[in-house]
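Trainee: One letter stands for each residue in the lines below.
There are 2 protein chains.
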Amino acid sequence: MMKSIAVGLLGLGTVGSGVVTILKNHQDKLMHQVGCPIEVKKVLVQDVHKHRTVEIDPSFLTTNANEVIEDPEIDVVIEVMGGIEDTRQLVLQALRNKKHVVTANKDLMALYGPELLKVASENGCDLFYEASVAGGIPILRGLVDGFASDRIIKMMGIVNGTTNFILTKMSKFGSAYEEVLKEAQELGYAEADPTSDVEGLDAARKMAILASLGYSMNIELKDVRVQGISSVTSDDIEYSKRLGYVVKLIGTAHRKGEKVEVSVQPTLLPESHPLAGVNDEYNAVYVYGEAVGETMFYGPGAGSLPTATSIVSDLVAVMKNMRLGVNGLSSVSPQYEKKLKDDSEIFSKYFLRIHVKDQVGAFAKITSLFSERGVSFEKILQLPLKNKNVAEIVLVTHEASLRDYEEILVQLRDLQIIQEVKSSYRVEGGNQG
Amino acid sequence: MMKSIAVGLLGLGTVGSGVVTILKNHQDKLMHQVGCPIEVKKVLVQDVHKHRTVEIDPSFLTTNANEVIEDPEIDVVIEVMGGIEDTRQLVLQALRNKKHVVTANKDLMALYGPELLKVASENGCDLFYEASVAGGIPILRGLVDGFASDRIIKMMGIVNGTTNFILTKMSKFGSAYEEVLKEAQELGYAEADPTSDVEGLDAARKMAILASLGYSMNIELKDVRVQGISSVTSDDIEYSKRLGYVVKLIGTAHRKGEKVEVSVQPTLLPESHPLAGVNDEYNAVYVYGEAVGETMFYGPGAGSLPTATSIVSDLVAVMKNMRLGVNGLSSVSPQYEKKLKDDSEIFSKYFLRIHVKDQVGAFAKITSLFSERGVSFEKILQLPLKNKNVAEIVLVTHEASLRDYEEILVQLRDLQIIQEVKSSYRVEGGNQG
Numbered sequence: 001m002m003k004s005i006a007v008g009l010l011g012l013g014t015v016g017s018g019v020v021t022i023l024k025n026h027q028d029k030l031m032h033q034v035g036c037p038i039e040v041k042k043v044l045v046q047d048v049h050k051h052r053t054v055e056i057d058p059s060f061l062t063t064n065a066n067e068v069i070e071d072p073e074i075d076v077v078i079e080v081m082g083g084i085e086d087t088r089q090l091v092l093q094a095l096r097n098k099k100h101v102v103t104a105n106k107d108l109m110a111l112y113g114p115e116l117l118k119v120a121s122e123n124g125c126d127l128f129y130e131a132s133v134a135g136g137i138p139i140l141r142g143l144v145d146g147f148a149s150d151r152i153i154k155m156m157g158i159v160n161g162t163t164n165f166i167l168t169k170m171s172k173f174g175s176a177y178e179e180v181l182k183e184a185q186e187l188g189y190a191e192a193d194p195t196s197d198v199e200g201l202d203a204a205r206k207m208a209i210l211a212s213l214g215y216s217m218n219i220e221l222k223d224v225r226v227q228g229i230s231s232v233t234s235d236d237i238e239y240s241k242r243l244g245y246v247v248k249l250i251g252t253a254h255r256k257g258e259k260v261e262v263s264v265q266p267t268l269l270p271e272s273h274p275l276a277g278v279n280d281e282y283n284a285v286y287v288y289g290e291a292v293g294e295t296m297f298y299g300p301g302a303g304s305l306p307t308a309t310s311i312v313s314d315l316v317a318v319m320k321n322m323r324l325g326v327n328g329l330s331s332v333s334p335q336y337e338k339k340l341k342d343d344s345e346i347f348s349k350y351f352l353r354i355h356v357k358d359q360v361g362a363f364a365k366i367t368s369l370f371s372e373r374g375v376s377f378e379k380i381l382q383l384p385l386k387n388k389n390v391a392e393i394v395l396v397t398h399e400a401s402l403r404d405y406e407e408i409l410v411q412l413r414d415l416q417i418i419q420e421v422k423s424s425y426r427v428e429g430g431n432q433g
Numbered sequence: 001m002m003k004s005i006a007v008g009l010l011g012l013g014t015v016g017s018g019v020v021t022i023l024k025n026h027q028d029k030l031m032h033q034v035g036c037p038i039e040v041k042k043v044l045v046q047d048v049h050k051h052r053t054v055e056i057d058p059s060f061l062t063t064n065a066n067e068v069i070e071d072p073e074i075d076v077v078i079e080v081m082g083g084i085e086d087t088r089q090l091v092l093q094a095l096r097n098k099k100h101v102v103t104a105n106k107d108l109m110a111l112y113g114p115e116l117l118k119v120a121s122e123n124g125c126d127l128f129y130e131a132s133v134a135g136g137i138p139i140l141r142g143l144v145d146g147f148a149s150d151r152i153i154k155m156m157g158i159v160n161g162t163t164n165f166i167l168t169k170m171s172k173f174g175s176a177y178e179e180v181l182k183e184a185q186e187l188g189y190a191e192a193d194p195t196s197d198v199e200g201l202d203a204a205r206k207m208a209i210l211a212s213l214g215y216s217m218n219i220e221l222k223d224v225r226v227q228g229i230s231s232v233t234s235d236d237i238e239y240s241k242r243l244g245y246v247v248k249l250i251g252t253a254h255r256k257g258e259k260v261e262v263s264v265q266p267t268l269l270p271e272s273h274p275l276a277g278v279n280d281e282y283n284a285v286y287v288y289g290e291a292v293g294e295t296m297f298y299g300p301g302a303g304s305l306p307t308a309t310s311i312v313s314d315l316v317a318v319m320k321n322m323r324l325g326v327n328g329l330s331s332v333s334p335q336y337e338k339k340l341k342d343d344s345e346i347f348s349k350y351f352l353r354i355h356v357k358d359q360v361g362a363f364a365k366i367t368s369l370f371s372e373r374g375v376s377f378e379k380i381l382q383l384p385l386k387n388k389n390v391a392e393i394v395l396v397t398h399e400a401s402l403r404d405y406e407e408i409l410v411q412l413r414d415l416q417i418i419q420e421v422k423s424s425y426r427v428e429g430g431n432q433g
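Protein chains in written order, with full-length UniProt numbering: chain A, 1 to 433; chain B, 1 to 433.
Hint data in this document are derived by calculation from the structure and do not stem from the laboratory.
Note that the structure is a prediction, hence the values are computed from the model and not measured.
Among the clues, some could well be false.
Copies of the same chain look alike in the list, so a pair counts if it works inside one copy or between any two.
To be verified - Derived lysine to any residue pairs resembling SDA-like cross-links, with alpha carbons at most 25 Å apart:
(1) K320 / Q33
(2) K154 / M31
(3) K24 / K154
(4) K365 / H355
(5) K24 / Q46
(6) K169 / S272
(7) K222 / P114
(8) K169 / G124
(9) K154 / N123
(10) K29 / G293
Kindly generate the complete structure, drawing on both the sequences and the hints.
Mentor: The structure is reproduced here in structure tokens:
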């Protein structure tokens with residue numbers, strides 16, 4: 001039997017405790033797979049005296065990070081402390097000390113992934129980060145192994161549980177955004193400052209990681225166009241329903257030829273779309289492969305045990321590589337140079353809700369703005385408002401380029417007959433090309 | 001650079017042609033992953049002169065299987081010819097000749113999987129069969145790698161595209177079973193003799209494979225309780241809808257303690273269940289893990305290119321193992337002895353549709369049959385029939401043991417007031433325990 005593998009943890013919050021629990025509960029199954037015991041040797045915490053629900057020998061705890069990353073006996077460092085700049089330095093140092101690293105830190109990977117993967121590879125170390133995207137779903141390994149012999153055309157993800165919880169409740173009960181956000185905060189599904197979730201930043205980080213891996217290209221956070229859900233109203237959701245759509249916060253990464261686009265935005269999905277039924281705090285990633293067609297991976301996006309399960313799966317992969325002596329080979333550098341589509345190359349359908357003054361010829365004026373740019377309508381819904389001089393019009397366009405659509409929006413807002421452009425969202429068309 | 005890997009194919013039908021196409025189209029990506037070229041060297045066909053749509057050097061074709069399995073230069077044999085007994089002999093001989101085998105043959109794996117895996121392991125060979133279950137979905141690798149550090153409690157699968165197509169159309173258009181089956185046959189989604197699909201045998205084979213792998217136990221085809229969809233009526237589907245359910249042919253493998261049950265049967269799923277939205281010919285496998293909770297893998301269940309993609313992913317895995325010198329290690333023998341639940345240990349809710357003679361006290365008699373065994377009702381729907389002397393009653397029970405439920409059914413059929421028991425199906429309750 002091989003000697004045991006020594007693991008150091010940076011952090012012992014909910015996820016870190018989950019890792020300790022799983023390593024203990026599944027000792028036999030893990031032994032059966034990797035052929036040797038796994039031993040947690042040191043854990044970095046903020047306060048060694050704090051009461052903890054997870055059982056752990058107090059002598060393993062330390063407030064000094066060096067006792068983890070400088071310990072020559074530790075083989076693998078698991079980073080579950082969060083944070084960016086300080087954490088980056090610790091991870092870099094661990095890698096330079098030839099320790100393999102498993103992390104759940106999407107912020108770190110979205111910002112410094114390429115640098116960290118390069119240092120890992122230079123030091124013959126593995127750096128795995130399955131848990132950083134869609135916590136309990138083995139999506140990164142699925143992209144690499146499952147699509148080994150295919151070409152990924154499109155990825156769409158519901159990768160933020162908080163916003164999916166909010167939109168699901170709004171859709172189910174017709175509630176207002178603010179009301180549901182408050183409920184989500186009370187239930188612990190949303191943080192006191194929900195900005196990062198509701199404005200789409202958290203999802204954007206995950207999409208940068210997914211797109212980089214799926215397209216073997218170095219996609220950065222700044223390459224992702226982002227729109228959050230804070231302006232989505234219950235009216236938007238109600239009208240979408242009438243037209244056969246479900247509103248979700250969707251991260252999209254689409255490739256055409258050598259160019260890609262990556263965005264996070266509220267999106268109307270046809271009810272029949274596989275992602276349309278993904279509700280509550282669940283996550284899912286839809287992948288369209290040239291050969292395989294439509295596939296989807298569904299599961300919990302967060303939570304102590306689901307996230308810890310992904311981390312331990314990464315740890316098992318590190319240990320199998322150790323046994324085979326092939327660590328540091330899987331972090332291949334991007335195969336392609338980054339090429340982003342410009343606005344004239346990004347095509348989509350759009351949902352538009354506007355308040356129009358009730359005047360003769362008003363609708364014709366709106367129509368001509370669209371038709372001048374060759375954009376026609378797929379669906380039109382006109383509704384009376386309480387104020388009898390104003391009509392509410394809901395439009396779904398056929399495909400238009402982003403450049404054309406944004407120019408139309410600017411001119412629309414200038415029209416004297418338009419009282420207000422209430423909302424505007426992308427509509428998923430199902431066209432994979 | 002390593003020397004090229006030589007591959008032999010047994011069969012060149014739709015799937016075999018897909019494999020040849022993918023190996024050609026993705027040469028660069030495959031090279032990048034495995035570090036050497038892949039070369040198709042020999043292909044067993046029935047007729048070397050037949051016109052083929054796939055481009056292949058005619059000198060590679062042979063009608064003599066020995067030219068594939070006895071060729072010392074061939075490293076990997078891909079079996080896509082189908083069939084059972086003769087194919088088994090060819091695969092056994094290939095393994096004894098130290099050739100790795102990739103197969104898409106669920107019939108073969110469901111019947112002879114344990115024998116073949118044992119011979120593979122004895123000869124230091126890999127035997128991979130990802131494409132045998134849910135063609136384009138990497139579910140077998142997902143079960144092994146993704147659940148490495150978890151305990152699988154329940155697996156539910158929509159693993160037969162033909163029956164899912166039929167049930168989807170029946171539900172969408174209210175059509176009769178026979179009508180939709182005919183349409184499916186015309187479209188090529190169902191075979192001229194549809195028995196194996198519609199009576200659940202095909203799904204049962206896949207569930208035996210999934211359960212064996214997921215529970216590390218040798219589950220045989222005969223251990224799977226099977227009920228097909230040929231008796232499902234449009235009325236059953238309509239009433240299910242009214243009660244908030246979707247009818248699907250579901251393969252279920254459930255573990256409690258050390259005991260498992262495996263079945264394939266028409267099942268009512270709550271509309272909110274992740275599998276409820278899996279429509280048309282798509283497949284999906286839902287896995288409930290103790291730590292991770294609910295996950296689902298969705299994709300195409302068949303088709304030339306999706307199935308071929310899974311086969312080539314297996315081929316990549318074989319080649320990585322060859323490079324590392326670790327072939328034959330992944331086919332671990334079952335960790336546990338098979339233990340099946342008996343009927344008193346299998347619990348479920350049930351949907352029951354009966355025609356009752358309209359007599360005073362009829363419903364009380366029915367109710368007492370159930371309550372004597374401690375079974376109560378969750379939902380009741382009573383509807384008038386054209387024949388005014390008969391009422392149609394639809395019941396959904398709370399959880400009952402299979403033994404109790406079947407005894408109730410027998411006694412129910414004996415009651416003088418019962419004109420007919422029209423249908424009886426399992427109802428998924430969401431209880432994972």
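Trainee: Indicate, hint by hint, whether the structure satisfies it.
Mentor: Against the structure, the hints come out as follows:
In this homomeric assembly, K320 and Q33 come within 25 Å of each other (Cα to Cα) both inside a single copy, at 8 Å, and across copies, at 18 Å. Taking the shortest Cα distances, K154 and M31 sit within 25 Å of each other only across copies (23 Å), while inside one copy they are farther apart (38 Å). For a Cα distance limit of 25 Å, the shortest separation of K24 from K154 across copies, 22 Å, qualifies, whereas the shortest one inside one copy, 39 Å, does not. For the homomeric pair K365 and H355, the shortest alpha-carbon distance inside one copy (14 Å) is at most 25 Å, but the shortest distance between copies (62 Å) is not.
Taking the shortest Cα distances, K24 and Q46 sit within 25 Å of each other inside one copy (23 Å), while across copies they are farther apart (55 Å). In this assembly of identical chains, K169 and S272 lie within 25 Å of each other by CA distance both inside one copy and across copies; the values are 19 Å within and 13 Å between. Taking the shortest Cα distances, K222 and P114 sit within 25 Å of each other inside one copy (14 Å), while across copies they are farther apart (52 Å). Taking the shortest Cα distances, K169 and G124 never come within 25 Å of each other, neither inside one copy (47 Å) nor across copies (54 Å).
Taking the shortest alpha-carbon separations for K154 and N123, neither the intra-copy value of 33 Å nor the inter-copy value of 41 Å comes in at or below 25 Å. Proximity of K29 to G293 under the C-alpha cut-off of 25 Å is restricted to the inter-copy arrangement: shortest distance 18 Å between copies versus 34 Å within a copy.
Going through the hint list in order, the structure does not satisfy hints 8, 9.
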